[in-house]
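Take a look at the letters that make up each chain.
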Amino acid sequence: MSVREISQPTHGNRELSERERATVRLNVEQASFAYAANPQAAPTFTLAGTSFQARERELVAILGPNASGKSTLLRLISGTIAPLSGRVELDGQETSRLDPRTRAQRIAVVHQESSILYAARAGDFVLQGRYPYGRALRLATSEDVTIARNALAQVGAEHLAGRTISELSGGEKQRIILARALAQQPRLVLLDEPTLHLDIGAQVELLERLRQLAEENKYAVVVVTHELALAAEFADQVVLLHHGTCLRVGTPAAVYQRELLEQVFDAPLDVEIGPAGRPRVHLHARRNEDST
Amino acid sequence: MRPLTLKRLLWTCAALATVLLACIVLALKLGAVPVSVVDLVVNLGRIAIGNSDQLPSDYRLIIFELRLPRILLGVLVGASLSVSGASFQALLRNPLADPFVLGVSSGAALGSLLALTIAPQFPLITPLGAFLGALATITAVYFLGRREGQLDSTTLLLGGIISASFLSAMIMFLVTTLSGRDLRGIVFWLMGDLSTPVPTGLRWIFAVGLFAGIGAIYTTAPDLNLLLTGEREAIHLGVDVTRVKLVVYVSASLLTALAVSASGAIGYVGLLVPHAVRLVFGADYRLLIPASALCGAIAIVLADTLARTVAAPTELPVGAMTAMAGAPVFIYLLRRGMR
Numbered sequence: 001m002s003v004r005e006i007s008q009p010t011h012g013n014r015e016l017s018e019r020e021r022a023t024v025r026l027n028v029e030q031a032s033f034a035y036a037a038n039p040q041a042a043p044t045f046t047l048a049g050t051s052f053q054a055r056e057r058e059l060v061a062i063l064g065p066n067a068s069g070k071s072t073l074l075r076l077i078s079g080t081i082a083p084l085s086g087r088v089e090l091d092g093q094e095t096s097r098l099d100p101r102t103r104a105q106r107i108a109v110v111h112q113e114s115s116i117l118y119a120a121r122a123g124d125f126v127l128q129g130r131y132p133y134g135r136a137l138r139l140a141t142s143e144d145v146t147i148a149r150n151a152l153a154q155v156g157a158e159h160l161a162g163r164t165i166s167e168l169s170g171g172e173k174q175r176i177i178l179a180r181a182l183a184q185q186p187r188l189v190l191l192d193e194p195t196l197h198l199d200i201g202a203q204v205e206l207l208e209r210l211r212q213l214a215e216e217n218k219y220a221v222v223v224v225t226h227e228l229a230l231a232a233e234f235a236d237q238v239v240l241l242h243h244g245t246c247l248r249v250g251t252p253a254a255v256y257q258r259e260l261l262e263q264v265f266d267a268p269l270d271v272e273i274g275p276a277g278r279p280r281v282h283l284h285a286r287r288n289e290d291s292t
Numbered sequence: 001m002r003p004l005t006l007k008r009l010l011w012t013c014a015a016l017a018t019v020l021l022a023c024i025v026l027a028l029k030l031g032a033v034p035v036s037v038v039d040l041v042v043n044l045g046r047i048a049i050g051n052s053d054q055l056p057s058d059y060r061l062i063i064f065e066l067r068l069p070r071i072l073l074g075v076l077v078g079a080s081l082s083v084s085g086a087s088f089q090a091l092l093r094n095p096l097a098d099p100f101v102l103g104v105s106s107g108a109a110l111g112s113l114l115a116l117t118i119a120p121q122f123p124l125i126t127p128l129g130a131f132l133g134a135l136a137t138i139t140a141v142y143f144l145g146r147r148e149g150q151l152d153s154t155t156l157l158l159g160g161i162i163s164a165s166f167l168s169a170m171i172m173f174l175v176t177t178l179s180g181r182d183l184r185g186i187v188f189w190l191m192g193d194l195s196t197p198v199p200t201g202l203r204w205i206f207a208v209g210l211f212a213g214i215g216a217i218y219t220t221a222p223d224l225n226l227l228l229t230g231e232r233e234a235i236h237l238g239v240d241v242t243r244v245k246l247v248v249y250v251s252a253s254l255l256t257a258l259a260v261s262a263s264g265a266i267g268y269v270g271l272l273v274p275h276a277v278r279l280v281f282g283a284d285y286r287l288l289i290p291a292s293a294l295c296g297a298i299a300i301v302l303a304d305t306l307a308r309t310v311a312a313p314t315e316l317p318v319g320a321m322t323a324m325a326g327a328p329v330f331i332y333l334l335r336r337g338m339r
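Residue numbers (our numbering), protein chains in the order written: chain A, 1 to 292; chain B, 1 to 339.
If you are wondering where the hints come from, they were derived from the structure by calculation, not from laboratory data.
One or more hints might be untrue.
[What the hints assert, rightly or not] Far from chain A, by Cβ distances over 10 Å, these chain B residues were calculated:
hint: 1; residue: L40
hint: 2; residue: I62
hint: 3; residue: F64
hint: 4; residue: Q89
hint: 5; residue: E148
hint: 6; residue: D152
hint: 7; residue: A169
hint: 8; residue: L174
hint: 9; residue: S195
hint: 10; residue: P222
hint: 11; residue: G230
hint: 12; residue: I235
hint: 13; residue: L316
hint: 14; residue: P328
[Stated by the list, open to error] One side of the interface only, derived from the structure: several residues of chain B facing chain A at Cβ under 8 Å:
hint: 15; residue: M1
hint: 16; residue: P3
hint: 17; residue: L4
hint: 18; residue: T5
hint: 19; residue: L237
hint: 20; residue: T242
hint: 21; residue: K245
hint: 22; residue: A276
hint: 23; residue: V280
hint: 24; residue: A283
hint: 25; residue: L287
hint: 26; residue: R336
Computed from a predicted structure; not experimentally measured.
We put the CB at the ideal spot given by N, CA and C, even for glycine.
Isolated chain A, as found in the complex (with noise of 0.2 Å):
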C-alpha cells in the first residue's frame, strides 16, 4: 500500500469544535510552491497546496522527516516568500504582501539557533525584539524596555539579562530567543525546529511554555518539527507532510496512524492511544523479516 493510498485529503478536526470557536489567525489555503534553479527550468522541489487553519491560543505542529516540505511552508506562512498558488493569510491579510516592518509586528521567527558575532548581553538581544516599533536610530524607549522586561519575565529568564550570550547554555539560549520574538508583540509565532540542540528536558520545558504563551497572550503558535512524541504531547494539530504533499490535517489522535507513520518516517512503530487521548509512539528495531 502506497503513501497515497493511506492518506485521504481530509480536514477532519470535528473534535475541535469547542477550539472552533475562536478566531482564526492564520488561515492557509491551498498553499503551493515550487523552486527551481531558474524560471525556465523543470522545479527541483514542490509543495503541492496545503491548507489548514490556526486559531488563537492553538498550537499546530508541522511534522514531516528532512526534505518533506516543513521549511518552505515556514517560509510561506512567515510572508518571506509569496505561494505560487492559493493564499496564507493571517487575520484576513496576505502575509507576503505586508511591508517588512508590519509583518515584524505580527509574526515571530524563532530559529533553529542563533549565531551572534560579538558579545551581547541577553538583555540587548531581547531589546532587539522592539525593532519594528521603533524610529530612526531605534534607541530603546522606557515602553521597550517593560516590554522587554515582561518578555524575559514570561520565559523565566530576568536574571539572565546581564550576561553575555554567548555563556549562556543551549535552554537558556533558546530562552533568551523566544523572549526576542514575545517582545515583538506578534500574533503568530513560528518555530524552526526549535528542539534541535536542546536535551529532553529543556524540549519539554520549552513546549510547555509555549503551550502557556498561546494561552496567555491569544498568540496561534505553529511549530516545525520532525520531533513525533513532542508533536503527540503538545500540539493541538498537527499538519502532517511527505515529499512535499500534505498528507494529513488534524488532532495527533486523528492523523497518528501506524501504517501512514512508518511510511511517512521509514521507521518500523508501534501507536497507541494514552489516557489523556494523545497518542503514544513507541520505536523499534527493524526485524529481519519485515525488510522484505
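Following the hints, put chain B in place on chain A, whose structure we already have.
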C-alpha cells in the same frame, strides 16, 4: 538592562572628539622643527578669529602648509577606513573583514592608478577610479566567498587575500612599466603613506565624501546590529536587507576609495580600530560607527606622528606602522575564531 541612550552616545562622541583634538595639537607640535604648545594655541586662536595674516611666515609654512594638511589627511584616512572596516564586518558577518584584507584597498589603488594613466588631466579621476575599483573588488570578493548560496567565512577571506595579491602584482607591473621604476610610487600604492597632500581643489570633495559616506552608513546602524545575528533573522525583524546591503557596500567602497586615492592602501586600520572600540564601548553599531570614525582618526594621526618622528629625519610610511600593529592582531583574532 542598560540600553544605549542618546546621552551616552553624545557624551562618548564628545569625549573622543576632545581626544582627537588633543592629538591633532600634539601632532602639530612634534616634528623636525620643534614648536611650543603655547605658540601653537596662540596662532590657532589667531586663525580662528580670522587674523591669519599676523602669523610669522615660517610658522605658516611648517604648521599650516606642511603639517596640518597631512594631519587632516590622516583624520580622513583613519575615519573612513575604520568605518568601512566596521561595516564590512557586520555585512559579511566576519570579524576579520577589513578593506585591506578583503582586497578592496588594492582594488581602489589599481582603479585610481589606471584612471590616472588613462586621463591624468582630470583631477577628479583618481577618487572616481578608486571608487569603481573598490566597488568591483568587493563585488568580486563577495561572489568568490559564496559557497552553495551561503557566505563562507574562510572562502571569503581567502578570496580577499588572493584578490589583494593579484591586484598588488598588477599595481607593481603598472608602476614599474609606466613610471620607470618609481619605488616611492609603489610604496605609496601598496603600503600607503600620508606624505602626498590632497590637491587643494579636491579637499572639499574629500570632506563632503567622508561625511556623506559615514552618514549613509550611519542611517543603517540599527539594521547592522540585527544583521550581526544573521540575514534571515534580520529579515524577520523587519530589516530591508537588500537596501541596507546596497547602501553599505556603495558607501564603504566610497570611503575606502577616498582613503586610498589620497594615501595608498594603508592596511589593518579597519580591523584594529573597530575591535578596540568594541572592547571598550561594546558592539552596538549606533555607537560603534561614530566611535570608530573618531578613534580611527586618532589612531592614524598618532601612527603618522610616530612614523614622522621615530626615525627622523627619515620618514616611515604610516602603512608600515599599521601593518606592524595589525598583523599580530589579525593572527590573534583568526586563532580565537578557530577555537
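Hint check results:
no.: 1; hint: L40; verdict: 37 Å, holds
no.: 2; hint: I62; verdict: 43 Å, holds
no.: 3; hint: F64; verdict: 37 Å, holds
no.: 4; hint: Q89; verdict: 8 Å, violated
no.: 5; hint: E148; verdict: 13 Å, holds
no.: 6; hint: D152; verdict: 14 Å, holds
no.: 7; hint: A169; verdict: 32 Å, holds
no.: 8; hint: L174; verdict: 37 Å, holds
no.: 9; hint: S195; verdict: 36 Å, holds
no.: 10; hint: P222; verdict: 4 Å, violated
no.: 11; hint: G230; verdict: 7 Å, violated
no.: 12; hint: I235; verdict: 6 Å, violated
no.: 13; hint: L316; verdict: 33 Å, holds
no.: 14; hint: P328; verdict: 20 Å, holds
no.: 15; hint: M1; verdict: 4 Å, holds
no.: 16; hint: P3; verdict: 4 Å, holds
no.: 17; hint: L4; verdict: 6 Å, holds
no.: 18; hint: T5; verdict: 7 Å, holds
no.: 19; hint: L237; verdict: 5 Å, holds
no.: 20; hint: T242; verdict: 10 Å, violated
no.: 21; hint: K245; verdict: 14 Å, violated
no.: 22; hint: A276; verdict: 13 Å, violated
no.: 23; hint: V280; verdict: 13 Å, violated
no.: 24; hint: A283; verdict: 4 Å, holds
no.: 25; hint: L287; verdict: 10 Å, violated
no.: 26; hint: R336; verdict: 12 Å, violated
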